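Novice: What follows is the residue order along each chain.
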Amino acid sequence: MEHNGSYSGHNGSYSSHNGHVSLVGHGDNFESQTILESKDLDAWFGSHHVVKSVSLHFFSRTVSAIIGPSGCGKSTFLRCLNRMHEEIPGARAKGVVNFQGKNIYDMFSEPANVRRHIGMVFQKPNPFPAMSIFENVIIGLKLAGVKKGYVLNDIAEACLKQVGLWDEVKDKLSAPGLSLSGGQQQRLCIARALAMAPEVILMDEPTSALDPISTARIEELLVELKKTVSIVIVTHNMQQAARISDTTAFLLSGDLVEFGRTGEIFTNPRKSETERYITGRFG
Amino acid sequence: MEIATKKLLLEFMVTTQAKRKRKNIFANLVLSILAILAVSPLVAILGFLISKGIGALSWEFLTSLPAPYGESGGGMGHSIVGTFILVLFASLLGIPVGFGAGIFLAESSKESRFASIVRLCAEMLAGVPSIVVGLFAYFVAVLPFGGFSAFAGGFALSVIMIPVIARTSEEILRLVPVHVREAGLALGLPRWQVVMRIVLRGSRKGLFTAVLLAVARASGETAPLLFTALNSRLWSFSATQPISSLPVQIYTYATSPSEEWHQQAWGGALLLVLLVLGMSLFARFLFSGKKYGT
Numbered sequence: 000m001e002h003n004g005s006y007s008g009h010n011g012s013y014s015s016h017n018g019h020v021s022l023v024g025h026g027d028n029f030e031s032q033t034i035l036e037s038k039d040l041d042a043w044f045g046s047h048h049v050v051k052s053v054s055l056h057f058f059s060r061t062v063s064a065i066i067g068p069s070g071c072g073k074s075t076f077l078r079c080l081n082r083m084h085e086e087i088p089g090a091r092a093k094g095v096v097n098f099q100g101k102n103i104y105d106m107f108s109e110p111a112n113v114r115r116h117i118g119m120v121f122q123k124p125n126p127f128p129a130m131s132i133f134e135n136v137i138i139g140l141k142l143a144g145v146k147k148g149y150v151l152n153d154i155a156e157a158c159l160k161q162v163g164l165w166d167e168v169k170d171k172l173s174a175p176g177l178s179l180s181g182g183q184q185q186r187l188c189i190a191r192a193l194a195m196a197p198e199v200i201l202m203d204e205p206t207s208a209l210d211p212i213s214t215a216r217i218e219e220l221l222v223e224l225k226k227t228v229s230i231v232i233v234t235h236n237m238q239q240a241a242r243i244s245d246t247t248a249f250l251l252s253g254d255l256v257e258f259g260r261t262g263e264i265f266t267n268p269r270k271s272e273t274e275r276y277i278t279g280r281f282g
Numbered sequence: 000m001e002i003a004t005k006k007l008l009l010e011f012m013v014t015t016q017a018k019r020k021r022k023n024i025f026a027n028l029v030l031s032i033l034a035i036l037a038v039s040p041l042v043a044i045l046g047f048l049i050s051k052g053i054g055a056l057s058w059e060f061l062t063s064l065p066a067p068y069g070e071s072g073g074g075m076g077h078s079i080v081g082t083f084i085l086v087l088f089a090s091l092l093g094i095p096v097g098f099g100a101g102i103f104l105a106e107s108s109k110e111s112r113f114a115s116i117v118r119l120c121a122e123m124l125a126g127v128p129s130i131v132v133g134l135f136a137y138f139v140a141v142l143p144f145g146g147f148s149a150f151a152g153g154f155a156l157s158v159i160m161i162p163v164i165a166r167t168s169e170e171i172l173r174l175v176p177v178h179v180r181e182a183g184l185a186l187g188l189p190r191w192q193v194v195m196r197i198v199l200r201g202s203r204k205g206l207f208t209a210v211l212l213a214v215a216r217a218s219g220e221t222a223p224l225l226f227t228a229l230n231s232r233l234w235s236f237s238a239t240q241p242i243s244s245l246p247v248q249i250y251t252y253a254t255s256p257s258e259e260w261h262q263q264a265w266g267g268a269l270l271l272v273l274l275v276l277g278m279s280l281f282a283r284f285l286f287s288g289k290k291y292g293t
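Protein chains in written order, with numbering that gives the first Met the number 0: chain U, 0 to 282; chain D, 0 to 293.
Hints may contain errors.
Unchecked claim - Pairwise CB distance ranges, derived in the manner of DEER restraints: (1) U:Gly148 with D:Glu59: 49 to 55 Å; (2) U:Ala143 with D:Ser31: 55 to 61 Å; (3) D:Arg173 with U:Phe44: 17 to 23 Å; (4) U:Asp210 with D:Glu10: 55 to 61 Å; (5) U:Lys123 with D:Ser115: 29 to 35 Å; (6) D:Leu119 with U:Ala174: 43 to 49 Å; (7) U:Gly45 with D:Ile49: 55 to 61 Å; (8) D:Pro189 with U:Ala174: 53 to 59 Å.
Derived by calculation from the structure, the hints in this document are not laboratory data.
None of these values were measured; they are calculated from a predicted model.
For each residue, glycine too, the CB sits at the ideal point set by N, CA and C.
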């Protein structure tokens, strides 16, 4: 691929700013910090090889989109980035994923610890049943050992404000999380992820179950959020990728076809498959 | 198909239509009768118990000790209290073990060999005749401690409860959608916390149902108590003394020669059935048509 070769000799002790290949292009220089990268990552479901030796990197404080037709392995790849993939029976992954220079597939690496730094938002809004709006936001912290009520209150308020839900729910924090609308539930799930103060949030088609207005709100929110947290989003909606992402990776049948700045990918793709996909000729 | 064949077939269908209709009505009728037969024992039992037992039920029956042989009056108060104490002991032992096994079974992968062995054993344990459970408890909890006791009775009943709770709670936990577990794991919580603090929380009602069904089952058992808790004619609140229970008291009275005691047995049987049916109905009501997490 375009970026190989630049990693040789770093063997895992990779620091975020030691000048690897930067993307072609100009404008603001967001390529300065790699926060997360995969190297020759493979993933399987049983004997089905769904992600094939994908090497990709994601920059700090950007929105990175992963696009591709259904079944191309983009969700699986995403789930490998915080070790959620292995939770599915029969699923396994092999390769290297460096987060802030450390391989999360290292034998000493704890999946729970990885996920505390790399959060996740799912396709279908999934607030915890039998929990209030407030509890949904703070349950992670509470179970992680944060006991002080005022700390939890402050964090809940801050996170709900961050996702623009505070004004809508401040008078009914004890109402069930599931009583909210779909779009509100998804923002609640984002608030729940934010409460753990992750460095990266992975989003697996977070708007595909939502109406256009809720989708627009979430898209605005993501652009706002990238000031504080890096976002990797899988989407089958190419307009969405074009609207909100800084970099785009195109996956096809488990292979990385092309990776680059979103503007470049959508206006001047280097591979013919990319061009055919983004112009809607297949997928 | 040839046109002639088609025509023939059509004619055949028309001429046999009435016959098929008759057959259908007949089959429906037979099956309905069989269905009524299947549930009629319940109706008969209830009717029988109410007609025979309602006369024995009184405040005195519920609150006082048996009258001496030959005297009228007296009640089963000590057996009612005894049943509650026995079920309490059984629950203390059986609920943690049953839930533990249920959670283990629900959380282990479908391919796990050990889990399938445990599941098979739970199923076989549920099928062990209760008199055998009583004998087992006699050797494990009576003989070594030198006497019949409420504790031994509770132990025997817990052996009845454990497989019921384990299998029911496994079924209920398997209903939990995958996305709930995933959402918990994605917060960076260890698996045990996700299960114990998030998954179980949404299943509270279902798990309560599992306990209720097991308690209903245990409180009606006689055989496991015959050589463990034995019986008593006195109020007993001690774990180390023999204790009375409704089923054993009914058994004792029903096999006695006294007409007065037969009456008491009917009253006790009615009370026991109401208790068990009430718990089952309540459990059903709690869990009927409810989705996970509501």
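Novice: Run every hint past the structure and note whether it holds.
Specialist: Here is how each hint holds up against the structure:
no.	hint	verdict
1	U:Gly148 with D:Glu59: 49 to 55 Å	holds, 54 Å
2	U:Ala143 with D:Ser31: 55 to 61 Å	holds, 59 Å
3	D:Arg173 with U:Phe44: 17 to 23 Å	holds, 21 Å
4	U:Asp210 with D:Glu10: 55 to 61 Å	holds, 57 Å
5	U:Lys123 with D:Ser115: 29 to 35 Å	holds, 31 Å
6	D:Leu119 with U:Ala174: 43 to 49 Å	holds, 44 Å
7	U:Gly45 with D:Ile49: 55 to 61 Å	holds, 59 Å
8	D:Pro189 with U:Ala174: 53 to 59 Å	violated, 29 Å
Checked against the numbered hints given earlier, this structure breaks only hint 8.
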